[in-house]
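Chemist: Heads up: the sequence lines are chains A, Z, Y and D, in that order.
The first sequence begins at 1 in my numbering and counts up by one.
The second sequence begins at 1 in my numbering and counts up by one.
The third sequence begins at 1 in my numbering and counts up by one.
The fourth sequence begins at 1 in my numbering and counts up by one.
Accuracy of the hints is not assured; some may be wrong.
Stated by the list, open to error - Label-pair distances were calculated between CB atoms; the ranges are:
| # | chain 1 | residue 1 | chain 2 | residue 2 | range |
| --- | --- | --- | --- | --- | --- |
| 1 | Y | D503 | A | R196 | 51 to 61 Å |
| 2 | D | V132 | Y | A73 | 33 to 43 Å |
| 3 | A | V4 | D | V761 | 37 to 47 Å |
| 4 | Y | T416 | D | R685 | 57 to 67 Å |
Simulated from the structure, these hints should not be mistaken for lab results.
Yeah, the Cβ is synthetic: ideal placement off N, Cα and C, and Gly gets one too.
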Amino acid sequence: MATVVQIVFGLIAALIVGAAVMVVTARNVIHAALWLIASFFGVAALYMLLEAEFIAVVQILVYVGAIAILILFAIMLTRQVTGEGVRQLTERWWVSLLVAVSLFAAVLVPTLLNHKGWNLPALPATANATPELLSGPAELGRGFVYEFLLQFQVAGVLLTVALIGAIVIAFEERSRRRRVLTLAEEHALNQDAARRQTAEPGLKITAVTDGE
Amino acid sequence: MTQAIPLEAVLVLAAALFCIGLFGALSRRNMVGVLMGVELMLNAVNINMVAIGRYLEPYPYVAGQTFTIFIITVAAAEAAVGLAMIIAIYRTWLTSNVDSVDSLKG
Amino acid sequence: MNVPSYLAFSPDGVPWLTLLLLSTLAGVLLVGLAGWLRLPDRVVRLGVTAWMGVPLALAAVIWSRFNPGATAAGQGTVQLVELIPWIKAIHVDYFLGVDGLSLPLILLTVVMAPVAAIASWGVTDRPKAHFALLLVLEAAMLGYFMALDFFFFFIFWEFSLVPAFFLIQSWGRKNRRYAAFKFFIYTMAGSIGLLLLFQVLYLATRQAGLPTWNLIDLGRLGRSLPVEGVTGSLRDILFAYMEKVGITQTLGRFPLLYTSIAFWAIFVAFAIKLAVWPFHTWLPDAYAEAPTAGSILLSAVMSKMGAYGMLRIMLPLVPDAAQYFAPVLGGLALVGITAGAFGALANTGGDIKRLIGYTSINHMGYVMLAIAAVAALPDGATQDSRASALNGAMMQMVAHGLSTGALFFLAGALYTRTKSWELMDFGGLRVAAPTFAGVMGAVMFANLGLPGMAGFVGEFFIFRGAWATLPLFTNLAVIGLIVTALALLLMYQRIFLGPLNEDWQKIADLRPSELWTIMPLLALLLALGVYPMPILSLANATATQLVAVFQHVLS
Amino acid sequence: MAFFLTYAWLIPALPLLGCALITFTPLRRSKLASGWTAIALMLCATVLAVGLLAATAQGLALRDGQVVPLAAAAGHGEATAPATGEGHGEATTPATGEGHGEAAPAEGHGTFAFPEPNVVQRFAWAPIGESVFAMGVYIDTPVAAMLAMVTITATCIHLFSLGYMAANPRQSRFFSFISLFTAAMLLMTMADNLLLFFMAWEVMGLCSYLLIGFLFERPQAYRAAVKAFITTRIGDVLMLLGLVYLYTQAGSLAFGTGAGEIFNPELLKRLGSESGFFGVSHATGIGLLLFAGTVGKSAQFPLHVWLPDAMEGPTPVSALIHAATMVSAGVFLIARTFPILQADNGTTLAAVTLIGAFTALFAATIAVAQYDIKRILAYSTLSQLGFMVAAIGLGGWVAGMFHLLTHAFFKALLFLGSGSIIHGMEATPQMKALHHQDEYAAQQTAQDIRNMGGLRTRMPWTFWTYTLGYLALAGIVPFAGFWSKDEILAHAFVGANWVVFGVLTLAAFLTAFYMTRQWRLVFFGEFRGGQPVVFQNPEPAPRTAHHSHADHHTHHDDHHDTHGHDDHHSNTGPNWQEHPSMIAALVVLASFAVTAGFFNLPFAIPGGHWLSSLWRQEAAPLNFIVAGVSLLVALGGIAAGWSLYGGAFAGAHDTDPLNRQAPALFRLLNEKYRIDELYAASFGRLTAILALAWAWMDHAILDGVVNSIGRLTLFIGQLNFIVDDTLLNDGPDALASGTLATGKRTRRLQTGKAQDYLSYVFGGAVILALVYLYVLK
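Working from the sequences, and respecting the hints, build out all of it.
Modeler: Next up, the structure:
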């Protein structure tokens, strides 16, 4: 039983890590998003393994169902999908790598060095008694309305604010919204932007707004 | 399963996920890629929450999961706002690359 | 607090000195406000000039509140005192006050500042900043003359450099950077010794039981006058501290040695400002390169800061060393007098501002001679003769401030007409500009010490006092009177006499605004030359008390 | 009478008021108004001065605001002032040795004393320590006499200037200056202490500068002005030192014999006995320093060079300042401080005599060989001043003062006469023609006596008045100069100072000789101005556009040009017209030249010894031997001059008879012994070299030191840099540039990219983690 669990855990871990690595390295952003979904599924599976079924379900609903889809939409909207031949990482990606690896090492090394036996909780005294009920949505729901009521409310407010904020930010200004650009205009605009970009790398905000 | 897998293993997995996400957030040029890296990091945190709640908390161990829910909520909000911003930035700068946006440069 | 008898608070309780100081700073704020409101430069020009009437009026009030004859406990009473503890940890007080040594110079400052402002009316490059700097400079100089706590004294001393530096550096002539840096570095370098010395004095007085920066108390200690809370003279206190620190074991147990070191630290700091001979080379550069307003304030007031420092600090604090080294000071003064005179003569074919600068060195040499004469050994000298030298020095400072300021003003006015500083470019301007020539002639004669003008009174009393103690130097110093006169006459001749230079056929005569700026100065010079009582009676009581200590052999 | 005593201070105040009115009010726009204002005020001052003289002659004095007879005043003051005893003793004791025989100073009688002051008014002027310096007026009979003389001559000269300066566009300024001058001279005369005396003295020097340089377009004029100012200032600063010395010793500068005043007998005794520097007694030191002032102001020998050059000023200036008043102020100074000079048993007075007598002869010899009418008079003035100085040095106080008064009148007369002559000469066609080429040369040519001749008939008023002045100066019997010069010679004779007597007699002979030469050449013979000896101007003035413009017009226009030349003739009538105001002045002065000698006739008749008794001094009786010698010498000089120049100079270009006989000597005299050149080559060059040396020292040495300190610092900095990069500490510049460089490097961290910032955050977190985990534990 334990071995099976360990094998399953290994597979899940491999899925999560592998998918995550692909997310950060994939040249195509769409692919990266798809790998991200895979990674989310792996995490959901891990939750199942950790006996948190509700969270697992929420994970799939929210992350895969909402966030990942949202990301895909965003990718579509920004229209820089392909990215083949275009650098996907920044110039100084090695610095980031160094930081990430050293952070990982800084966590891993003391963990490996300092552990005094693996941290396995002792079996409950009533080992073979009826297993305890797993904490389910009921306990969670009770927690939300008693213990964490305030936080729950705040989270709700936060979501509302984020919703409104997202709308405000993403909305085009009124003047622009009135006037839908024709394809020709949009093409010209892009050409212009491209020319500017070549002429003056590191485009400045003022340049574009002035140009319009 | 708590007898089969030590807590440290889960935590190391979470740390690995976090670091990968960090790398992604730090080095992807595409803003959406950055956002994805951030989501990975948040997931790593969620794993930590759930695992520690599961292993170390006494019985109904709902606190860890509750926090996870909150984090997911925040992550959703963050993703929504972040993507909105990406679109807004794209609209003005005609780019979705992070390193093109350096008006803070000294 | 138990107030000693030699301090007198404002009789009506109004902090007039603080008001005077703040009025100039308020002017700076007003200029800032004008900049914010984008008022036209013309408004700022007139406004600043008019505003300088406020310090003038306040100074007049202070003069009326001042009792010139008051003395107490062996010194002139310090009046209109404001004494508030400031930084208690190191016993710094906010301590302002005036006595006979500072009040004439305060009056001089408030009179010359508007002249400098009027001289800057032609400034077109960042005029608001220029006028603001003038006000800041006025504030610093006034603060310097009023502060009686070394802490504030030194702050104002150094702070006055900043506006002066920027005035020279931003509005000066071609070589202004060199001049500004030379001026700044020279003065800064000189005051390091002063600063260190006062740290030591503070520690020494702390050891003696009265940690203080109070210049009045330190001066009283230096002259062995009683000060509440401590016994012994400053010389003993300093020596005891040196002994405690252990320096006496290496340098020897000679109290005079330590006061001598203190003396030189003080002397060098102030001698640079006063442009005493080997430290004078910054002066022609600074005066020549500065804008007109800068030249006026530098020559009229800032050089007096050095002499005032000597009177306020050097003579009272270390009278024994001052007495010991008085012949050296006299020698330096003599060389300075000669150097200034001949330097001016060497410039009669060159730059008018350099020439005036060199005459300033010469005139300040007389002040130095007076200070040396005050301190020199009592070789048949009476207290009256020493007081005479000191009175003469005060008079000379006021007169030189007025006349040199006026000369620089007129030189600036000449420049605005001709765009030239070279004496050789002029000639015969008296034909085209008779009023200008007349006024400049009068100012020039005032400057070279014509009797009937204030400068002569100063020179006469200096010579009278100096003869009693330093007859040889006094004898030789008169060479300066002749050569300076020659240099100034040649200057006048080059500009105004002879056939009219073709280039200046249409030169404008003195405008009414310029005329009425100079006229008050000339009137003052003449009035003080004919009847010097107003200034001399201010200084006399304090001076007489100050010189009393030198009537004894001190070392 | 009380009025004259109480308001004596008005005498200098009135001319000063005139100066202020002319300078500061619209009066200055009108030549006539300003001139008459000045003259009117001068007339008032003259009335006051003469009234004051009358009051003092009656022995009236002012004590505590009350007018009292002087004897009573003396008695009144006996209780308070010890001075009165001295005053009495002088009046009663006939022991004053100056008049009688042996050289008084050498014998050290020292009993000379001033008469009691009639008016002393003082006010506190400056506080000096515990004491107070007082200023005020001090009037006794010599002062009153001086005041009368100065006001009378000054009024005449004002009057003369009204005509003489009429053509000058700056005439009102001229009046302002001479009014100021007169005020200063009067103030000096009545000063109650040496400081006030000195102040007024210097103001006179200023006026002298201004008036010599009045025609400031001419290089010669302003150069002479500077020369005069500086040369007299050399004497003045020495005098200032004398003042300071005296002040230090006496504790006061106030005239008077009371305690704490400078003529206090005890003080004088102490000054004479104690020795100061170089073993010389205080009195000698002070006396010589004060006398240096006289040497400068009265143009005595080593400092005489300025006075002839001062003739560049307008002629009334020469008359007023450089003949009658200012130059004699030097004599007045030694007369005023006579008790101090006398206090050292003769050393100082011997020096005074020496200088005076030498100058008298020296200047007379130069005058013999000059051609410029004003310069001859200038050297004559030098010579006569030498007489006065020598007289005072011999102890002949009355003689010196008497000669001062008489000389002022007749020398002013002579100068004004010469002015009138020049005025006439300039109006001749030849001079006018020359004027348009070079006005300075024209003026100099017009002053050349070789170009004159025969003016006796052309300018009768001038001729007669000039002749009176000439006779007075030559020392012919009834005229003023005879009496006063005779007294001086008598002092030398009676004192058995044979050398001095001989020198002065020779000088008197030469005086008569050169004056005859001048008089003969100017007024007799044929007019030689037709073919004049033209003055060669070494530096002709540049021709301005304005001037050449004026050349195309009539002479009228020329009067309005601003090139200032005083001597321009304004009327276009016939030549040789004499202006009424000029004639009036000449006549008044001529009358004094004739009669001034009668004020102190050496006879015991009513009115004889009037000045001596007025001044309470011993009267010198007439010494017939001396009088005879004096007259003989004068007549001899006249005869020699008349015979030598009787037939000479048929034309202007002829050679001077003296030149024919002793060319080398004549040349030397004509070039004034080349003293100017000597001074220029010695002192002038020395001053220039010193100026350059000091300038060089500033630039090369002191700035060099400063700069090399800077360079040394730099070198040490570089050494540091080489030894150790990290010790790079090359002054604030290096610090600043280092900061800047660091900033530039650091600035690159600030990429503006959010990701970079984030990596810093996490990099920092890693480092912190490591620190906490492994370093801090």
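Chemist: Each hint: holds or not?
Modeler: Each hint tested on the structure:
1. One distance hint, 51 to 61 Å for the beta-carbon pair D503 (chain Y) and R196 (chain A), holds here, with the actual separation near 58 Å.
2. Taking 33 to 43 Å as the suggested C-beta distance range, the pair V132 (chain D) and A73 (chain Y) does not conform, at roughly 24 Å.
3. Checked against the given bound of 37 to 47 Å, the beta carbons of V4 (chain A) and V761 (chain D), roughly 41 Å apart, stay inside it.
4. The hint said 57 to 67 Å for the Cβ distance between T416 (chain Y) and R685 (chain D), and at roughly 38 Å that hint is violated.
The structure does not agree with the numbered hints 2, 4 stated previously, though it agrees with the rest.
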